[in-house]
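**Q** Take the given structure of chain D and dock chain G to it, following the hints.
Listed below are the residues making up each chain.
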Amino acid sequence: MHFLTWSSLARMTRLQFALTHPDQQTTFGPRLGTLVVRSITLDTPTLLTSTSRGVIPHLSRDHVRKSPALAWLHVPFESFLEHTPPVPTLQPGPHPLHRFLGFKPDDHILSFDLRDPADVREMPPNGNSHVSAMCLRGVRKISPAQWRTYTNACQPDIVAALTDTPHRHPPFSQKRLTKSIDRSTAWLANLLATDDTLPPAPAPAVFVHLAGSTSHPARAAFTASLLEPLSPVNAALPSLDAGVTGYILDLAPLRATATAEPDSHSLLRTSLHALPPTKPRLAHGTPGPHALLRLLRDVGADAVDAPWAIAAAACGVSFDFEFPVRETKRAEDGAGKEELGCNLYDARYALDFGGLGGEREGGCACVACTDAQDRGRGRKQIVHGTDASEAADALAGADAHGDEALPGYTRAYVHHLLHTHEMGAHALLALHNLEIVRAFLAGVRRVLAADGVTGFAREVGRFEERYLELDADADGGEGEGDKGTVMREAKVMWAEVERARGKGRLAREREKEKGREKEDESV
Amino acid sequence: MEFEVLAKCHTTRARVSRMKLAHGITMLPTFMPVATQAAIKGLTSEQVESLGVSLILNNTYHLNLRPGLKILRAAGGAHNFQRWNRNLLTDSGGFQLVSLSKFTTITEEGALFESPFTGEPTMLTPEESISIQHTIGADIIMQLDDVVGPRVGEAMERSIRWLDRCIAHHRSSGKEDTQNLFAIVQGGLDPQLRDRCLDEMIKRKDGVAGFAIGGLSGGEEKDVFWRVIKQCTGKLPEDRPRYSMGVGFAEDLLVCVALGVDMADCVFPTRTARFGVALTHRGPLNLRLSKHAKDLRPIDAACPCPTCSDGTSRAILHHTVTHETAAAHALTLHNITFQAQVMGRARTAIMNGTFPDYLKTFFAEYFGDDGYPEWCVNALQSVGVDLLEHNNVKVVPGRGAKWEYAEPL
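If you read the sequences in order, they're chains D and G. Using my numbering, you'd call the opening residue of the first sequence number 16 and step up by one each time. Using my numbering, you'd call the opening residue of the second sequence number 8 and step up by one each time.
Bound-form chain G, shown alone:
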């Protein structure tokens, strides 16, 4: 990997960098759409690429089950299998193991679980996870980490030990030229545990190409979320990309970028598209609502996505969402473009030295009079941007995410 920071925001911790991997250049910060089963739902690889996306995510757990390693090996890796010629990232498979499998027990050796194939007890070790990811062939691969909830300290310590095993296995594989291992910082919501994990993992910097911030986006308080992100980005080395896992709401992304995050992924934009929700710079539009039935305007007249630039009306989308897969495709194309635009504009603003202004403009347009989430105000305040400066907008406690609901009758 070649990683170069091109510009830094004068106020916040935001930065623009250029990451060159085996399948081309990806500009950071960026949002990675999720292609769980080796496909962004409903779209071809060409379509995804045409949206200006150069890095997507596959899930190791799913690909390992289907199509399975034998087929991926025969296909010459996941890139070739899905005809994706750009950069690819795989997770370790550990998270889904815990969320989707029965009877997972974590031992020092690895994660013991019931094989969905045979029902037999099966062990996923850190070495095995790396081997599977080697076969998949993604440009960025993730360490196996211990993500089990209540025993955070123990899990964090084990994640450090497993990182050592992943590094050793990756080094011995001879794949270091084409595949890049990322560490995952754990430690839950406890600042001391996070700090210890950060220190230990940073010591292993020479063995890893980047750092992910894990153990978040699990429904924790947003006020805790941003503090953990800030703590991590404050310590992580400048010369490594930082990846915040499972972040996808526009306001979350921009706060993360302001705190120094370079990469994020989430199924939200593509999943919500299938349920009829279009993301816009003025907040989400729920196209299933009857208020859109006769609206002949596109989702966003200024959006460069194929759906909007073609003038696809909210009315025809309302008519087809949840009935025709073609409507899901249209909204997926739009939402992926929206995410890429939010991040693209952030890169431009950082390069031009106007990132704080971009944040203010974005929040004003996106939330308008609905009010800003308090946690965003606080998080950005902590890096020198006062969203409320010359602005009398109200502040909303809690999550504060914007959503379009049906009008009460």
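The following block holds chain D by itself, in its conformation from the complex:
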């Protein structure tokens, strides 16, 4: 490995991050900050949303643009390995990845990783010089050199260095963990280094996955290898960490090894302990808003993904929660904890003409809840043919009818779309749920700014008292402890509609109803 010149200086200016409250610049705990990429400034903690095959699930590009929640998008690259070279690398012009995927350089920050952070399936083992990645045509081996080439060609804003996550057979032996650390360190060095024999170093800000899996010593060792001074003869940077812009915390692989949340947090703290607290931390794979809050409180993170927002949309759950919780919202005193959302498959919503946003103060700002309101008011509309004046008349005609703003889409309508297997249901729910999470994080920042760390901890407690935890990983069966059942129930009903669809479905549903009645009689 040659460390002839470093391109770290250019890299450091790509992304600027600052913690804005001096008393929150501790190693662990909730923090407020600002992250700047080009003309985009995001207040942190902020939401990042993962794409699937390069798109935000269920959302067309116009809907992505209209969603303020979608400012930072994460692109797992592996699905593009179906073709060699991967097609996004062929896109010419500035900001090729933005352009290929239809994101706007002025509005969207793109981070880039080889693997889908939510995918913890067992994979063929990685080698010393390759990572196994998954695409539709099977497993592909990607070398650090290829990763540099792809990153160079795609020009994302942020790139994650390849990491060796052990997937098979936990718990992992010390030998396997040592290998994991050595490989991850070497692959990071490879991404950071430039020399004449390698393609030019990538300009994007480099983030590193904090390796070490479930072992405290391994995590501490990985951090040490980041901080270890590099020989001044060979390197222009004092350490690997000096070339790193931010850290990635991976929660899904820890959950996959059945590590309890407090232990996961403890492991993450071990990784972060010696690292500078001023660099941004990106967390993948919190299982729900409660866990997200506790991660912010106990470890500290600046960008978090919420795969459960889209997972909930995909199974018919419409979020309805707020941070900080409002006293007035509670329907009746002494009632048990509330679910985080509604299973809109449930028959109780068939005649519910309220909006998806429930009784939120000021209403919900999502496209599903507001889009109808600005209709016909100078909204851009395609005119076909030269009958422009007639079309304008027509528009005026619509205006006359739509003068009082239409309320947003109702729960009854989405209930109907879900039961008729219409894709629009999931689009509306994804738009809505992402906005709820955006507003939730804005609430987190508001509380932190106004009431500091103690105030935040108090509000986390109130949130935990108000809401049941999201059962995002549930696949049927009974609920447990403080966990809600809304996702579980919705998934069961989703599967029923999925099974029943097609010709004669009402007859099949009728048979099932009959079966249920019989069960009820026999009880």
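Nothing false has been slipped in among the hints.
Partial pick of chain D residues on the chain G-facing surface, computed with a CB cut under 10 Å:
| id | residue |
| --- | --- |
| 1 | Arg-68 |
| 2 | Ile-71 |
| 3 | Pro-103 |
| 4 | Gln-106 |
| 5 | Pro-107 |
| 6 | Leu-116 |
| 7 | Gly-117 |
| 8 | Leu-151 |
| 9 | Tyr-424 |
| 10 | Ala-427 |
| 11 | His-430 |
| 12 | His-436 |
| 13 | Glu-437 |
| 14 | Gly-439 |
| 15 | Ala-442 |
Simulated coverage check for chain G against chain D, where a stretch passes if three residues somewhere in it have a Cβ under 8 Å from a Cβ of chain D:
| id | region |
| --- | --- |
| 16 | 69–76 |
| 17 | 88–99 |
| 18 | 308–314 |
| 19 | 335–341 |
It is worth saying that the hints were derived from the structure and are not from the lab. Note that the structure is predicted; figures quoted are calculated from it, not measured. C-beta atoms are modelled at their ideal positions from N, C-alpha and C, and glycine is treated no differently.
**A** Then chain G, alone, in the frame of chain D:
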């Protein structure tokens, strides 16, 4: 309804008209996208409206089952339920009754079928169909017609009698100001039966706002199809819109327009989008084919739809079609815009007196060297447009529809 013919083609029977309904103006000829279950698949109403679409179709049979009339009534009608503030058309529910239900028997009273809800024998009468459509609240509603295949003559006669009952029921409902009843001309492929049906239904012109041409698009020979359309448009009154049911291929639409049709609907453009096919002025593109995998061009650089104007490449569409619903949305947005453009350009050409030229240009671009369907050549010839004039393109017998297949290896 206010209906006014603004311009007529000097050569063909094509015309441009302005149709004002309770939810605004729709310029004709137009293509109506189908929102079977109160949604154009995957899109919001705002998105559909932004494409320049002002008239869509809901299916009565489906809405009657789900969400059902109780919910539609409580929602204040289907417009409000789906947040669609423009014009809406519903069919009578009769067609799906026959195609989707078991044990349908037609009696003079109505269609007797097994209720999908209870399994009980249930009767859909012409009055009941109109009542259901009143609750749905569409701007244009269709008569219940008898569509059963083999006994065409009997079905045609019954459709006339049912039209009388629909007119009577509609008149007595007091909904005539906001909802407009269309008759459906039946008579199968038999010119004499069609003629009789036309005569009888035209006699009832005062009770109907428009006429549909039914009993076609059921897989009949295209050469028979256009002759029936031509026979109907030749007789139907000038001052009523004419609606050809189930027509959606671009060449079919343009032939119908040339023969004097004003409205058409079909699930084809939206359905084919979900299977990865983009419609273009140079013929359909099957984006699932690997030939598109590395193609960074948009579907059609000149298309004003959100998908093309954003530069969405064929490559990313190839990568996502049939895997991500977002790709279906992107292609649905495009295909609806394409249909609207084909019809919009037809309106412009008719207004400018250049419709025959438009037909020639369209066919040349769309079919190119693949050859023109013979039936289109014949149909247009019959209204004075010779597609083959100064043109050595070959002529393809049969259906002749254009499709993009995988290259043989």
